[in-house]
Amino acid sequence: MSKFNQKNTEKTVNREGYAAYKTDDREQLVAAVLTSMIGEPKFYGTTDSDIVRLAVVCARENPDFLCRLACYARNEFNMRSVSHVLAAVIAHEANRYTRKTIRNIIVRPDDITEIMECYRLMYGKPFPNALKREIAKQIQRFDEYGFAKYNSRHKTMKFKDVLRITHPTPKDKKTEELFRKILDDTLETPYTWETELSKRGNTKEVWNELIASGKLGYMALLRNLRNIIQQEADIETALSIISSKEQVLKSRQLPFRFYSAYLMLKQAHLMTAEINAALEKAITFSVENMEPVMGRTLIAVDVSGSMQTSVAANSTVKCSDIATLLGAIASRLCEDATVCYFDDAGKWSSFPDKSGYMIKRYSKDYSIMKICSKSRFGGGGTDMSLPMLYALNNDETARVRPFDRVIYFSDNECNNSYDGFDRTVQELIENYRLKYNPDFWVHGVDLQGYGTQQFFGKKFNLIAGWSEKVLSFINLAEQGTGSLIKTIEEYEVE
342 MSKFNQKNTE KTVNREGYAA YKTDDREQLV AAVLTSMIGE PKFYGTTDSD
392 IVRLAVVCAR ENPDFLCRLA CYARNEFNMR SVSHVLAAVI AHEANRYTRK
442 TIRNIIVRPD DITEIMECYR LMYGKPFPNA LKREIAKQIQ RFDEYGFAKY
492 NSRHKTMKFK DVLRITHPTP KDKKTEELFR KILDDTLETP YTWETELSKR
542 GNTKEVWNEL IASGKLGYMA LLRNLRNIIQ QEADIETALS IISSKEQVLK
592 SRQLPFRFYS AYLMLKQAHL MTAEINAALE KAITFSVENM EPVMGRTLIA
642 VDVSGSMQTS VAANSTVKCS DIATLLGAIA SRLCEDATVC YFDDAGKWSS
692 FPDKSGYMIK RYSKDYSIMK ICSKSRFGGG GTDMSLPMLY ALNNDETARV
742 RPFDRVIYFS DNECNNSYDG FDRTVQELIE NYRLKYNPDF WVHGVDLQGY
792 GTQQFFGKKF NLIAGWSEKV LSFINLAEQG TGSLIKTIEE YEVE
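Per my numbering: the sequence shown ends with 835, consecutive numbering throughout.
These aren't lab readings, by the way, just hints derived from the structure by calculation.
Think of the CB as a built atom: it goes at the ideal place given N, C-alpha and C, for glycine as much as any other residue.
Don't take each hint at face value.
Stated by the list, open to error - If you anchor each label on the Cβ, the simulated ranges turn out as follows:
| no. | residue 1 | residue 2 | range |
| --- | --- | --- | --- |
| 1 | 800 | 474 | 33 to 39 Å |
| 2 | 629 | 526 | 45 to 51 Å |
| 3 | 525 | 545 | 35 to 41 Å |
| 4 | 486 | 588 | 27 to 33 Å |
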């Protein structure tokens, strides 16, 4: 068996020098891919080089898996830039999978220019023939509006550059004329919120027209709620779009996008009950069809200092916010959930109204957004043993039904331990199983992809990603019917 696919449970040290277990190469690649915006910093350093290194190995040893991972990341987790990197690696290392990969990860016109630019930056010229042929085919899928909207003058690689490199044969006269406009820079100025504001100003009338036109994208609507409110534009229609189930599912937004809008309005003192209700409705649509998680669940949310890094340079959302948000969503799915926020000191909360240590009480009708905003604390060290120490001590004194599982939302970078540098949380897990519940499950949701874990072995399920979709793998793993890796292996690619 190749090194890439080998299950690795050897002991190592994490980036803080504390005891940990290595994840195997495939698990590390998946975790890094599903938690990375290429070019953005992380607390312990970027994982960009890890992604490229592991992707190259995978392309040589298991190119089918890498192809499916790229398509899965783009279409299911809406990760754009990292899917472009994987496509470039495939084009360079696994030529026969180029066509299939490119065809499935191009969703927007600018995916084309960014894939080409990504390959140029990584490998230089010439471009592989397979890449040029598939790009030449895919570029004919889009219309003039799409090209004009994404043909930014600030981009190094433009659509006319792509046409000159790939030499596509137009499929009809209309496409031939469109290509001529691209080459001559005569595309009609698109009707977008940016062009309208630039031309006519940031006014109530402009925003009302944009909202009524149906051409204001869902993401643009979320980002511009503040403008719409301040200009006293049609907020009711805007909120009806935001809270529309059809629009929410079509938009494929990651949950933290809604929380980012919530934080922006709350910090600007523009939050109202109606806006909160619309955002709450939107964020719950994505999980309403998920199976409930039965039994008693301990949800462990890492709010330590290493989780305070923003997910992107221009974002106010921190990795700890994603952990808090996913933890709150998970608490809604779980039949009986106790939520622990930890750094190097534990804080305990129950949903909806259970007893515990250092209780924060939230009623069942408390919104996910409010739960998250009230849980924005942390900044100390990372002691992942605290939730399990709580479980061991609480179950002994409270004489309650044992926990069926723990779900960690963390970067897994312990820098505090219950007994020195050499212990991992796995020992506490084994102690809990021996003392209370031999069928106790551990679900580790990796939010940064650094490549180490505190757990291994049977009844441990490694998941990764910033999407609510990670929660669907809890029941699948415990039922023995699926895992994140298995789902990617079986992901259908046209």
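Checklist line | Range agreement (Cβ of residue 474 with Cβ of residue 800, hint 33 to 39 Å) | finding: 47 Å, violated
Checklist line | Hint check for residue 588 and residue 486 - Cβ pair distance inside 27 to 33 Å | finding: 19 Å, violated
Check: When you take the CB atoms of residue 525 and residue 545, is the distance between them in 35 to 41 Å?
Finding: 37 Å, holds
Item checked: Supplied distance hint 45 to 51 Å, evaluated on CB atoms of residue 629 and residue 526 -> Given range 45 to 51 Å: holds, Cβ gap about 47 Å.
The structure does not agree with the numbered hints 1 and 4 stated previously, though it agrees with the rest.
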